[in-house]
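Build out the structure end to end from the sequences listed, making use of the hints.
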Amino acid sequence: MKTLAEINKKGSYIITEILGNKKLVRRLNEIGIVNNTTITLLSGTSDTGKVIVLKGQRLALNESLASNLLVISADEQRDDELKRLSQLGVGDKGIAIKINGSRPLRRRLLDMGLTGHTLIRVCQIAPLGDPIEIELRGYKLSLRKEEADYVVVRSVEK
Numbered sequence: 001m002k003t004l005a006e007i008n009k010k011g012s013y014i015i016t017e018i019l020g021n022k023k024l025v026r027r028l029n030e031i032g033i034v035n036n037t038t039i040t041l042l043s044g045t046s047d048t049g050k051v052i053v054l055k056g057q058r059l060a061l062n063e064s065l066a067s068n069l070l071v072i073s074a075d076e077q078r079d080d081e082l083k084r085l086s087q088l089g090v091g092d093k094g095i096a097i098k099i100n101g102s103r104p105l106r107r108r109l110l111d112m113g114l115t116g117h118t119l120i121r122v123c124q125i126a127p128l129g130d131p132i133e134i135e136l137r138g139y140k141l142s143l144r145k146e147e148a149d150y151v152v153v154r155s156v157e158k
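Going by the UniProt record's numbering, 47 is the number at position 47 of the sequence shown; the sequence numbering is gapless.
Honestly, the hints are just simulated from the structure, not real lab data. Mixed in with the good hints there might be a few duds.
Label-pair restraints from in silico Cβ distances [said to hold, decoys possible]: (1) Gly20 with Tyr139: 19 to 27 angstroms; (2) Ser12 with Ser67: 13 to 21 angstroms; (3) Arg106 with Glu135: 18 to 26 angstroms; (4) Gly116 with Gly91: 35 to 43 angstroms; (5) Val90 with Gly56: 19 to 27 angstroms.
All figures in this text were calculated on a predicted structure; none of them were measured in a lab. Where is the CB? At the ideal position from N, CA and C, for every residue including glycine.
Shown next, in the form of structure tokens:
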């Protein structure tokens, strides 16, 4: 993971963590910059800061603010990092790429919030491997191992 200040390439990124004191984190949350949010970087190289698009609104961030945002690329597709959700270990993170399976199963998983470009963290795995507790969009969800096999994720470094 890199900070937004280190990135110069335009594109879509997912905010994985916000560093800094509580007041700064709260202020960023108030304007919509929260964990697992997708942003688009418009200007990568600028002395005055970065221009991003967040939920349809353009925002300018100075370098000190951008250095507090840890992001990962949402666009980058590397086939060697594609795994099934059930293959991730405890504490591992991944971005949902595709949901396979029957139509009712896909619909159910989509209704629970498992959509494309969603950051997923594996919280716990039962002793026999079933069920798997994951965290996405700020809440925890338990899935059967069979259901987790249908979710294709791109693993993200810790």
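Do the hints match the structure? See the list:
Taken as a hint, the range 19 to 27 angstroms holds for the pair Gly20 and Tyr139, whose Cβ atoms sit roughly 24 angstroms apart. Between Ser12 and Ser67 the beta carbon distance is about 20 angstroms. The supplied range of 13 to 21 angstroms therefore holds. For the pair Arg106 and Glu135, the supplied restraint of 18 to 26 angstroms holds, since their beta-carbon distance comes to about 21 angstroms. Separated by about 23 angstroms at the C-beta atoms, Gly116 and Gly91 break the suggested range of 35 to 43 angstroms.
Checked against the given bound of 19 to 27 angstroms, the beta carbons of Val90 and Gly56, roughly 36 angstroms apart, lie outside it.
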